[in-house]
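Use these hints to put chain B onto chain A, whose structure you have.
The lines below spell out each chain.
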Amino acid sequence: MYSSELIKGTLKTIILKLLSDNDKMYGYEITHKVKELTGGKIQLTEGALYPTLHALEAQGILSTDVVNVGNRIRKYYSVTPNGKKVATEKVNEFSEFLDTMIFLLDLQPKLG
Amino acid sequence: MYVLTDEQIAFIRNDIRRNGIELEELQLDLLDHICCVIETEYTAENNFEAFYRSILPRFYKRSLREIEEETHLLLTFKNYYAMKKIMIISGTFSAFTVLIGSLFKVMHWPGAAMLFVLAIALFSFVFLPILSVIRIKEQTKTKDKIVIIAAAIFGSAISLAILFKVMHWPFANILWTISLGILFFLFLPIYFFGGIRNPETKTNTIVSSILILIAGGLLFLITNLRGSHAFDEAIVNADQQIVENYQLLSQKNPSDTVAIHPTINEKATELCALIETLKVKLTSSVSNDGKDMKEATAVLLKGHLTEPIQTQLFDKNGIASARLKTIQLNVKAFEKLANTKINWNAQQVKDLPLSYVLRNLNLLLLRIRILQHTNH
Chain A
1 MYSSELIKGT
11 LKTIILKLLS
21 DNDKMYGYEI
31 THKVKELTGG
41 KIQLTEGALY
51 PTLHALEAQG
61 ILSTDVVNVG
71 NRIRKYYSVT
81 PNGKKVATEK
91 VNEFSEFLDT
101 MIFLLDLQPK
111 LG
Chain B
1 MYVLTDEQIA
11 FIRNDIRRNG
21 IELEELQLDL
31 LDHICCVIET
41 EYTAENNFEA
51 FYRSILPRFY
61 KRSLREIEEE
71 THLLLTFKNY
81 YAMKKIMIIS
91 GTFSAFTVLI
101 GSLFKVMHWP
111 GAAMLFVLAI
121 ALFSFVFLPI
131 LSVIRIKEQT
141 KTKDKIVIIA
151 AAIFGSAISL
161 AILFKVMHWP
171 FANILWTISL
181 GILFFLFLPI
191 YFFGGIRNPE
201 TKTNTIVSSI
211 LILIAGGLLF
221 LITNLRGSHA
231 FDEAIVNADQ
241 QIVENYQLLS
251 QKNPSDTVAI
261 HPTINEKATE
271 LCALIETLKV
281 KLTSSVSNDG
291 KDMKEATAVL
301 LKGHLTEPIQ
311 TQLFDKNGIA
321 SARLKTIQLN
331 VKAFEKLANT
341 KINWNAQQVK
351 DLPLSYVLRN
361 LNLLLLRIRI
371 LQHTNH
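First to last, the sequence lines map onto chains A and B.
At position 60 of the first sequence (counting the first as 1) the number is 60 in this note's numbering, and the numbers step up by one without a gap.
At position 242 of the second sequence (counting the first as 1) the number is 242 in this note's numbering, and the numbers step up by one without a gap.
Bound-form chain A, shown alone (with noise of 0.2 Å):
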């Protein structure tokens, strides 16, 4: 499992991500989706998650539904219009950080 501080500067990043390409999610289920696409390797902390979800709609990049959900209401969260081009330009952004990342750490693959 990576430290929280990696986690914390990416969270934005795999949320919008996720969201983007998936319709619309609850909190738990992207937890779980994440944990499961890396293989438990990334683990969003609630206490990290539900408040960028909430700043995040605050800025109106994302937009909440409320379903019942047998006995209680689950709030899904979705990509506004807006927020879908944020999206793009985060993961944009983090993929040109991680190009420069690899050359500045000297990571790349050697040949032969």
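Any given hint might turn out to be false.
[To be verified] The list that follows gives simulated cross-link-like pairs (lysine-lysine, DSSO-like), each with its CA atoms no further than 30 Å apart: (1) K141/B <-> K85/B; (2) K17/A <-> K61/B; (3) K17/A <-> K141/B; (4) K252/B <-> K279/B; (5) K84/B <-> K84/A; (6) K8/A <-> K61/B; (7) K84/A <-> K85/B; (8) K8/A <-> K90/A.
Please keep in mind that the hints were generated in silico from the structure rather than gathered at the bench.
Relative to the frame of chain A, chain B by itself:
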């Protein structure tokens, strides 16, 4: 999959609320999340409440409240980074400007006043307010928030008081006293009694309080800072001698000694009378009843550095403006008549503290009398 009962859901929701989650939206999120965890991991043979208690710590490091606080922080600080940027830029700018302004002031270069006004206005009205807002958001206890507000008000007020003092603006002393009042009677008690109760911060609080007391005490010490009494006395004595010499010359009949130009005699007496009247006007403008003129003059002559400039007296509609103009014209005429320069300019008088103005006028009176008696 386990299915939660309504009672269990109500129990969880209440517990979340009791743990300090007040935002309804957040309660719903957490409730659903916890229910999902229970549904996948709980087996009915365990005690439900014990199981719930065992999974709850996964959600936080210290307490569940953290999530609410973090959400608040992110929600209220949409422009957190912009604020931080403005704070750092304004702080750095005002710090350097104060330093450069002080250098200008010490070197008597022009523009020092403008730099001071700019720096302290930025510091008191931009930097400190933003800093305190950011710091307040980080605190959870009301007491800590009040301490920050008190400190910020004190910082702004004392900086403005110093600015007003340096610029000789009115109300500087009142502002100064209010600032120290805030420090001693608002900030320090809250800070001290708040911090001393917590064993962790006890020593730090005591040491900081001592430092603040000493700093405040030193500031209080210079509240009435001015020249020493000996210096005051020397100035008043010199002034008295000028007045005495002037009176001696005034009483002396000029025709006794030398052959004097008759018009000079006449003009000198006329001019002196004009200046005397202006002096009385100026003195009575600050003396309450106008009766005890002698005492008022003495008080006026003693004050110098700390006394504000009395510019309004010489403003367009000020009580002394027209008189000063007449005196200026008469001095020029007298110079021509006596064929000597007196080197007196009404403009110099306008921006001086009142005590300086009186001294300046006394000196002018003496000069006129000397000219009158030496001209032949």
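A quick look at each hint next to the structure:
no., hint, in the structure
1, K141/B <-> K85/B, "holds (26 Å)"
2, K17/A <-> K61/B, "holds (27 Å)"
3, K17/A <-> K141/B, "violated (38 Å)"
4, K252/B <-> K279/B, "holds (22 Å)"
5, K84/B <-> K84/A, "holds (28 Å)"
6, K8/A <-> K61/B, "holds (15 Å)"
7, K84/A <-> K85/B, "holds (28 Å)"
8, K8/A <-> K90/A, "holds (14 Å)"
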